[in-house]
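Asks: Line by line, the protein sequences give chains U and L. Residues 384 to 845 in the working numbering are what the first sequence spells out, letter by letter. Residues 384 to 845 in the working numbering are what the second sequence spells out, letter by letter.
Just so you know, not all the hints are guaranteed correct.
Identical copies look the same in the list; a pair holds intra-copy or inter-copy alike.
To be verified - EDC-like mimics (lysine to aspartate or glutamate), calculated; alpha carbons at most 20 Å apart, straight line: (1) Lys-824 to Glu-419; (2) Lys-824 to Asp-476; (3) Lys-624 to Glu-774; (4) Lys-835 to Glu-769; (5) Lys-519 to Glu-401.
Quick caveat, the hints were computed from the structure, so don't treat them as lab data.
Number of protein chains: 2
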Amino acid sequence: MAAYQTYLDSNRQRFLEELLEFLRIPSISALPERAEDVARAGDWVAQRLTAAGVENVEVLPTRGHPVVYGDWLHAPGKPTIMIYGHFDVQPVDPVELWTHPPFEPTVINDRVYARGASDDKGNMLAPILAVEALLKTEGAVPVNLKFCFEGQEEIGSPDIPEFMPPHRDRFACDLAVSADGGQFSETEPILLMSLRGICGVQIDIQGASTDLHSGLHGGRIQNPIHALTQILGSLRRADGKVAVEGFYDDVVEYTGEERAGIARVPFEGDEYLEELGLEEEFGEPGYTNRERGWIRPTLEMNGIWGGFQEEGIKTVLPNSAHAKITCRLVADQDPAGIFDLLREHISEHAPAGVKVEVTPLSILGRPYSISADHWGNRAAAAVLQEMYGREPYQTRSGGSIPITGVFQEQLGVDTISFGFGIEDENFHAPDEFFRLASFRKGQDAYCRLLEKLGETDPINGE
Amino acid sequence: MAAYQTYLDSNRQRFLEELLEFLRIPSISALPERAEDVARAGDWVAQRLTAAGVENVEVLPTRGHPVVYGDWLHAPGKPTIMIYGHFDVQPVDPVELWTHPPFEPTVINDRVYARGASDDKGNMLAPILAVEALLKTEGAVPVNLKFCFEGQEEIGSPDIPEFMPPHRDRFACDLAVSADGGQFSETEPILLMSLRGICGVQIDIQGASTDLHSGLHGGRIQNPIHALTQILGSLRRADGKVAVEGFYDDVVEYTGEERAGIARVPFEGDEYLEELGLEEEFGEPGYTNRERGWIRPTLEMNGIWGGFQEEGIKTVLPNSAHAKITCRLVADQDPAGIFDLLREHISEHAPAGVKVEVTPLSILGRPYSISADHWGNRAAAAVLQEMYGREPYQTRSGGSIPITGVFQEQLGVDTISFGFGIEDENFHAPDEFFRLASFRKGQDAYCRLLEKLGETDPINGE
């Protein structure tokens, strides 16, 4: 047994207690009143990195939540690997649906239940512990290491694009490895080939200066809710195809071979619908359910509101109406370009009699993709094959990790996904949990990955 | 000067104090937690009727807020007149826009500011005081009198259709006179020729069993907000014409002469828009602004909601979306029939992948109209001519007073409108007020109207 493995085994209880301590910090980045807790989680990470033997640890301010940096750069001639993760978590509403309080982590049947357990505290702690094990047992890591842990992933990393340019040298590296990810199941590994980009827009419709009596004024002036639904109705066809002019212009159509690859990843449509409590699927004609979620762009309304929303009836003609929309983007769509198309389309479809305002939402991320043949992925595949005894599926995600686009644009590096969450772990939902087996597996896997990457020539990727 | 006039003058201060006392009761019928206050207002009215000399006063329970009855039936051979009004008021939100607290009535410049001052407490108190003046000075009223004051007008009188049939004999009369109404201005009187009917519907769209991640599931299943906007978009054409099949089938088209009569009522379109803070009017092609509001039916969204509505963004694919809609109806549209058309249209336009539920809102009222030549209107016109020195305009209202339809269906009587509110008095809005000059004028006018009606033959209306 490798020395690091013995170290990991003998410190298992301490590592679990540390994870529980980390999970007790309610670092919800979306809530302004939790900003101090996000900062506290950042400090916790910085301290933990230092304790592991990582050097030059610093908490770097951004306009919003901080970034934690650290490095260990004593492997000359070896590639520089930057490990990424995030210490902020999603909100917990509806909190009444949680079996245990979300910030009082509870271990049951070798699973830890808490907000952030899987996404991403359990996952991001694993590589820190792996590095500690290597440094304490071998005195060295087989690559040069940098760490980049952020506190704003769950709100779309709005301050990272501005934060990164002046720190380009500090974060320069050959490859980013994201510990914010997962595997297909307990026994089936994956390589993640792509993430969708994202772009958000808010529409605000303003009518009269106050709410009005719908009897006295109804039929005589434009109703902002009608105006809004008219605009929204123009954005998507009834069959689910986005109807914004130019929306699909830059979309890369996948080849038959790539689509066949997607079809090889197991998918049970009936089970999928049953889990969601639905009877029918729905989506863009000409694509499978997986394809719609993985390689096709979307336009989804996230929220809508206006006028009277309580029990009963108030015969009001409201003076405003609002909607929030996000698009998920695929290669080669540009988020800023898509926002412009949306704004143009909306202003062209703006009905008479109201003012229509279109505002970008802070969320903006480029679609990301990487080849299975990338040297980082080849190393990851080898480790996963070793550990799971089978070749990883090549999967994609419909979600977005905007910082991967920033790494590519600002640092010129690709990101591989190397995490151990599993889709049933209720991230973003009540009763989020993380398998402690995955927590242990992640520690082991990161030791192996760093060793494998240490055998790679960073220039030629061989 | 008539004896009643002297009485009204010498009791002016007491009447004002009584009005203020009445206005202090927060009798908001829409709020369940104010039900006791509505009942308290009903008791106040009952007590005030008794003090005025009205007999057989009773607070009659309904399934919801009570009705107050009283009579004075000592004018054999004379018509029986039922005076109508309501002691409930609208909600006060947004309460922060009120200059004075809505239930602490404040008198400034001969106006009293309070919720319900004009709609309808000030207006409904006037006939009670008129009757008191007549009874105290003449010992009699020149007609048989009944009073019907309700506590649920502002929520559409949902319990009145069920309440009335067993009380048909009690409320039998020759004419109803509604003290819930107004005049064109301080110097220009009106006869109100019609009110629109009303019919309300709620649409509830149900998708998955929980809110979902818009990245992981977006594009793969139906989004309830999209489904809702698609349905709503199908209900009205972009030009404002209602697109529900059969909606206009029973609408009585007005003659050229009737439309010319409407055109004779002064209307300044620019002023109207300026008051509302709007730059353009909007509505069904082929009709003037007044016609759209008075003689054409409408379909207006009163409220819409679903998903994330706060600052920033939450990339949720919501599992439900909702809307409330009311239609204003004109002769000969039937509210129940229109509800059926709406339900049919909505289920025919229900998109795949979601469950769509259509529920009637409690509000339901038949359109109401009366001829200018009706004997009640002739009496009202004579009194108004006397007091204002000019002939009343023949106007219509886009609003609804559902109980007028119940009086017509259940009691077989017509209702004339005889109130003294003026449109600028902010009913249903912050800073509602009532001109005390109108309060005094109403007392005088009701004395004159009852005298005039006493000269009428109830059988022939001559």
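Asks: Now tell me if each hint is right for this structure.
Replies: Hints, one by one, checked against the model:
no.	hint	in the structure
1	Lys-824 to Glu-419	neither (32 Å within a copy, 64 Å between copies)
2	Lys-824 to Asp-476	neither (30 Å within a copy, 57 Å between copies)
3	Lys-624 to Glu-774	neither (35 Å within a copy, 61 Å between copies)
4	Lys-835 to Glu-769	within (11 Å within a copy, 103 Å between copies)
5	Lys-519 to Glu-401	within (18 Å within a copy, 87 Å between copies)
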